[in-house]
Amino acid sequence: MSKVIIGADTKGFELKEHLKNYLKELGHEVIDKTPEGDLDFVESTKLVAEAILNKEGDRGIAIDEYGAGSFMVGNKHKNIICAQVSDEHSSKMTRDHNNASMIALGSGIVGKKVAEKIVETFAKAEYAGGRHQIRIDMLNKMC
Amino acid sequence: MKISIGCDHIVTDIKNHIGKYLESKGHEVIDNGTYDHERTHYPIYGKKTAAKVVNKEADLGIVICGTGVGITTSATKIKGIRATLVRDVETVRYAREELNVNVIGIGGRICGVGLIENIIDVFLETKYKETPENKALIEKIDAMIEDNEQANDETMFDEFIEKWNNGGYPAE
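Protein sequence lines, in the order shown, are assigned to chains Z and W. Here the first sequence is numbered in this note's numbering, starting from 9 and rising by one per residue. Here the second sequence is numbered in this note's numbering, starting from 14 and rising by one per residue.
Isolated chain W (complex conformation):
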């Protein structure tokens, strides 16, 4: 499979580990960054990782930040993304089988590497089992965001980055 991955600067090492782990299992990895430990902002990478999935350049996506909350929230806010932020294997199994999630988020400072690998294994192995009930729920979730161009709007966050670069946000 083709897997889109992304992270913030807190957990770059773990993202790199996940990339290698996926490649060792024969998957192709699209690494959306960040690539180093320089302070940056998780929505940039959550959105980029999600865009590859909705554009069908990747089959599934995996995002990580400190708790996973910020980056997984940013991915979920993209039309067509169904994401879950997990700290256990069973939630991933359910979310794939019943809600056909296409992105998972993990807290790099919350889960250990063994659990992360197990979560990823189950995410990739588990197939959606369509039922009339879960199909109706998925349709309701997908209908919540109107069609928009946000997934591919690469200048969407520029105003905030410019403000940041001009000292418009506190450093601490």
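For reference, chain Z alone in the conformation it holds in the complex:
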């Protein structure tokens, strides 16, 4: 089971609450960094990324209306690889190939059922390692 850090801005708050409960029902531990729902996506995503860098958990989920803002903010952190996803396949592949520690979701872009499968897949999929590691080393040298 994974320890999942989750956070959202105001527009992502409702989906965050839904996914938090869904992940808990699956047996994952969930740490909610934005219980109040009063932050913009820069602040909410920073809380998730910093928690991942501090090793408070092993997967991060950041939510805003489109996922675009959270994606940028996540990746502007050194040693964070954040994937903007709206489909289950990308969620699996980004763990497998990119060792992404975070995903960014758009509450206005994905419906609840797709979002559930995205986070469920992200929480359990593992990094394949191997040849992919050179690309991860390159990304982690950046910014």
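Calculated from the structure, these hints are not laboratory results. Warning: the hint list may mix true and false statements.
[As the list claims (entries may be wrong)] Going by beta-carbon spacing under 7 angstroms, a handful of chain Z positions derived as facing chain W:
1) L34
2) A76
3) S98
4) T102
5) I142
6) C151
No experiment lies behind these values; they were computed from the predicted model shown. We put the beta carbon where it would ideally sit given N, CA and C, even for glycine.
Once you have looked at the hints, place chain W on chain Z.
Chain W in isolation, oriented as in the chain Z frame:
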């Protein structure tokens, strides 16, 4: 417009298609590679494509790899780049209008060619609509990376490529 494009070896054909599509619409294309299907590494091309944008040699950038995640992440890690990885048209429209993104990423194994072309059309047509709220968000995003020389540091990845060439990474 001048458009900087880049890809990894998984989606070179799609990048070539995008280049031709852009030229057919009257745009000038700077193709940063990769140019064939030989195994290579997406951060090299994401960074090169992004550098053309921050150096103002290109107006906007488009990057693609299998899911788009790796190459778009590498572009986003360059100071001054605001990028979004998209699988739908509406996210591009928002990201241009509100966040003034200068690079988009697309998963070449995720989106079909029709959707890719539509995403590109909207990316190029949509203008940033400045408001005090979105300007403040953009300033906060841009301030996250300190000034550095990474965009134009062409030897930055050499240590890893040397290790790769010396068998320091697994082949599979």
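Of all the hints numbered above, which does this structure not satisfy? Sort the numbers upward.
Hint 1 is the one this structure does not satisfy, whereas the remaining hints hold.
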